Amino acid sequence: MDLNNIQIGIINISDRASQGIYEDLPGKAILSTLNQYLDSAFEPVYRVIPDEQDLIEKTLIEMSEMGCCLIVTSGGTGPSPRDVTPEATEAVCQKILPGFGELMRQVSLKYVPTAILSRQTAGIRDKSLIINLPGKPKSIRECLDAVFPAVPYCIDLIGGPYLKTDENVIKAFRPKST
Amino acid sequence: MDLNNIQIGIINISDRASQGIYEDLPGKAILSTLNQYLDSAFEPVYRVIPDEQDLIEKTLIEMSEMGCCLIVTSGGTGPSPRDVTPEATEAVCQKILPGFGELMRQVSLKYVPTAILSRQTAGIRDKSLIINLPGKPKSIRECLDAVFPAVPYCIDLIGGPYLKTDENVIKAFRPKST
Amino acid sequence: MDLNNIQIGIINISDRASQGIYEDLPGKAILSTLNQYLDSAFEPVYRVIPDEQDLIEKTLIEMSEMGCCLIVTSGGTGPSPRDVTPEATEAVCQKILPGFGELMRQVSLKYVPTAILSRQTAGIRDKSLIINLPGKPKSIRECLDAVFPAVPYCIDLIGGPYLKTDENVIKAFRPKST
Numbered sequence: 043m044d045l046n047n048i049q050i051g052i053i054n055i056s057d058r059a060s061q062g063i064y065e066d067l068p069g070k071a072i073l074s075t076l077n078q079y080l081d082s083a084f085e086p087v088y089r090v091i092p093d094e095q096d097l098i099e100k101t102l103i104e105m106s107e108m109g110c111c112l113i114v115t116s117g118g119t120g121p122s123p124r125d126v127t128p129e130a131t132e133a134v135c136q137k138i139l140p141g142f143g144e145l146m147r148q149v150s151l152k153y154v155p156t157a158i159l160s161r162q163t164a165g166i167r168d169k170s171l172i173i174n175l176p177g178k179p180k181s182i183r184e185c186l187d188a189v190f191p192a193v194p195y196c197i198d199l200i201g202g203p204y205l206k207t208d209e210n211v212i213k214a215f216r217p218k219s220t
Numbered sequence: 043m044d045l046n047n048i049q050i051g052i053i054n055i056s057d058r059a060s061q062g063i064y065e066d067l068p069g070k071a072i073l074s075t076l077n078q079y080l081d082s083a084f085e086p087v088y089r090v091i092p093d094e095q096d097l098i099e100k101t102l103i104e105m106s107e108m109g110c111c112l113i114v115t116s117g118g119t120g121p122s123p124r125d126v127t128p129e130a131t132e133a134v135c136q137k138i139l140p141g142f143g144e145l146m147r148q149v150s151l152k153y154v155p156t157a158i159l160s161r162q163t164a165g166i167r168d169k170s171l172i173i174n175l176p177g178k179p180k181s182i183r184e185c186l187d188a189v190f191p192a193v194p195y196c197i198d199l200i201g202g203p204y205l206k207t208d209e210n211v212i213k214a215f216r217p218k219s220t
Numbered sequence: 043m044d045l046n047n048i049q050i051g052i053i054n055i056s057d058r059a060s061q062g063i064y065e066d067l068p069g070k071a072i073l074s075t076l077n078q079y080l081d082s083a084f085e086p087v088y089r090v091i092p093d094e095q096d097l098i099e100k101t102l103i104e105m106s107e108m109g110c111c112l113i114v115t116s117g118g119t120g121p122s123p124r125d126v127t128p129e130a131t132e133a134v135c136q137k138i139l140p141g142f143g144e145l146m147r148q149v150s151l152k153y154v155p156t157a158i159l160s161r162q163t164a165g166i167r168d169k170s171l172i173i174n175l176p177g178k179p180k181s182i183r184e185c186l187d188a189v190f191p192a193v194p195y196c197i198d199l200i201g202g203p204y205l206k207t208d209e210n211v212i213k214a215f216r217p218k219s220t
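Protein chains in written order, with my numbering: chain A, 43 to 220; chain B, 43 to 220; chain C, 43 to 220.
Hints in this document: simulated from the structure, not taken from any laboratory. Honestly, I wouldn't trust all of these hints.
All copies of an identical chain are treated as equivalent in the list; a pair is satisfied when it fits inside any one copy or across any two copies.
Here are the computed lysine-lysine pairs in the DSSO-like style, where the Cα-Cα straight-line distance is at most 27 Å [what the hints assert, rightly or not]:
id	residue 1	residue 2
1	K100	K206
2	K178	K100
3	K218	K70
4	K169	K70
5	K100	K152
6	K178	K218
7	K206	K152
8	K152	K180
9	K213	K100
10	K100	K218
11	K137	K100
12	K218	K169
13	K70	K206
14	K206	K218
15	K180	K213
16	K152	K218
17	K213	K152
18	K178	K213
Only a predicted model underlies this, so the values are computations on that prediction, with no experimental measurement involved.
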């Protein structure tokens, strides 16, 4: 267990969860999964907010500025007019990493043909990696299992803290530098 | 058979087909495929136009405004200077759905390595789902078979009419809401 | 062997290689691979430059204007702040071909889960096809093997010279026109 002050942002983006109509299952699913993945201690920074692009952007920027090396969102990635999470993510990121969305859609396609409707993406803002996840707990886990092996090395590359995973749960991959 | 006034736009985008040099095989292939897929009655709105970005945009907007829930284009997605269908599509859509292009290229790659040259995409303008298809009848069917299971649910999500498919031909998938 | 004056640009983009700290292995790997692939004689136009977006753009434009039908870059596609090769590529291209990046990431994913961190892309500027490759010689070859079968036809489509491959090494695919 290292203690280099790791903060991870978790944002459940949902009109109905933010009004208390739905229980915040996606946020809890993400937190529980990260607790299983990570040997490193981390402090979760947790929000449930409605599908408002301005507010999503503001929350992403705040979490990045407070030092979250990883910010994970759930929800708001579909084709409906209220789905604006990818728009907010692209607006605040300096670099977009299309490989995350491609791989997550490919994994979800094994389960549901509607996976192609998800516009989920990932990107870098300053020293934060932002990843959009779907809204359903089962799909959240499938997507995180697929992309998380690349997350600790990505955070190394952008100057963030060293994330140590529990290798019995998920194996982080760090290529040897040339 | 329901009759909730379903309109579907079909646009064959091709300089030579629009001049009558080529027969409009792609448009006919799309119409024939949709007739096989759909149990719902629908009214096709049909155009054959040259590879002019302004005209493509104008046609997409007109079809969307007249109420087409689905607009399918063929042709104009390659790397040649005259190929401008994806540009026109991106210009008129509020949301781009990258999963459609990814899946269609992946399916086409099973047949031809040049599938990676296709820039075909899909997106939402107001209450219309716009999908770019390739220009060859065989590839059109391969691509439609791959993405169509997600189309009726996408149209539900953007407030369009309920599309019922013939499940012996293609099975639409509608996830249960959480 | 035809001799229609084929020029191919090869750019190793690396701060350390451009300072002589690293040997230019990626550029040599690309040149050696192209020599194996191509039966057509070609003249390589070769540069090793630092990760500066302005300089990358300037070099891509120069190579395109001098008539290179194909320009291959290596390096600078990751999430680090100094990685700006895709930005430069997108800035100088009139058309982006997302299928190249999708396929190269998919192929690299068979070897390393960090393949999703690569933002490598491809596009067209005038009569030049520009392709971003990774920085490691092994990954360079894996990526080129995957996409090169589509390269000669792409160059045909944009009005470039006829590239003839050694079919024992790599088989170019040219679909019959409809």
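Taking the hints in turn, this is what the structure says about them:
1. Taking the closest pair of Cα atoms, K100 and K206 never come within 27 Å of each other, the shortest separation being 29 Å inside a single copy and 41 Å across copies.
2. For the identical chains of this complex, K178 and K100 are intra-copy neighbours only, at 24 Å inside a copy versus 38 Å across copies, given an alpha-carbon limit of 27 Å.
3. Proximity of K218 to K70 under the C-alpha cut-off of 27 Å is restricted to the inter-copy arrangement: shortest distance 21 Å between copies versus 34 Å within a copy.
4. In this assembly of identical chains, the alpha carbons of K169 and K70 lie at most 27 Å apart only when taken from the same copy (24 Å versus 33 Å across copies).
5. Taking identical chains as interchangeable, the C-alpha atoms of K100 and K152 are never at most 27 Å apart, the minima being 34 Å within one chain and 37 Å between chains.
6. Proximity of K178 to K218 under the C-alpha cut-off of 27 Å is restricted to the inter-copy arrangement: shortest distance 11 Å between copies versus 35 Å within a copy.
7. Within a single copy, K206 and K152 get their C-alpha atoms only as close as 29 Å, which misses the 27 Å cut-off; across copies the closest is 23 Å, which meets it.
8. In this assembly of identical chains, K152 and K180 lie within 27 Å of each other by CA distance both inside one copy and across copies; the values are 13 Å within and 24 Å between.
9. Neither within a single protomer nor between protomers do K213 and K100 lie at most 27 Å apart by alpha-carbon distance, with minima of 32 Å and 41 Å respectively.
10. Taking the closest pair of Cα atoms, K100 and K218 never come within 27 Å of each other, the shortest separation being 36 Å inside a single copy and 32 Å across copies.
11. For the homomeric pair K137 and K100, the shortest alpha-carbon distances inside one copy (18 Å) and between copies (21 Å) are both at most 27 Å.
12. Proximity of K218 to K169 under the C-alpha cut-off of 27 Å is restricted to the intra-copy arrangement: shortest distance 22 Å within a copy versus 38 Å between copies.
13. In the homo-oligomer, the alpha carbons of K70 and K206 lie at most 27 Å apart inside one protomer (21 Å), although the nearest pairing across protomers, at 36 Å, exceeds that limit.
14. In this homomeric assembly, K206 and K218 come within 27 Å of each other (Cα to Cα) only inside a single copy, at 16 Å, whereas the closest approach across copies is 37 Å.
15. Proximity of K180 and K213 under a CA criterion of 27 Å is satisfied in both settings, with 20 Å inside one chain copy and 23 Å between copies.
16. Taking CA atoms no more than 27 Å apart as the test, K152 paired with K218 passes between copies only; the shortest distance there is 17 Å, against 32 Å inside one copy.
17. Taking the shortest alpha-carbon separations for K213 and K152, both the intra-copy value of 22 Å and the inter-copy value of 15 Å come in at or below 27 Å.
18. When the C-alpha separation of K178 and K213 is checked against a cutoff of 27 Å, the pair qualifies both within a copy, at 24 Å, and between copies, at 22 Å.
Hint violations for this structure: numbers 1, 5, 9 and 10, all remaining hints satisfied.
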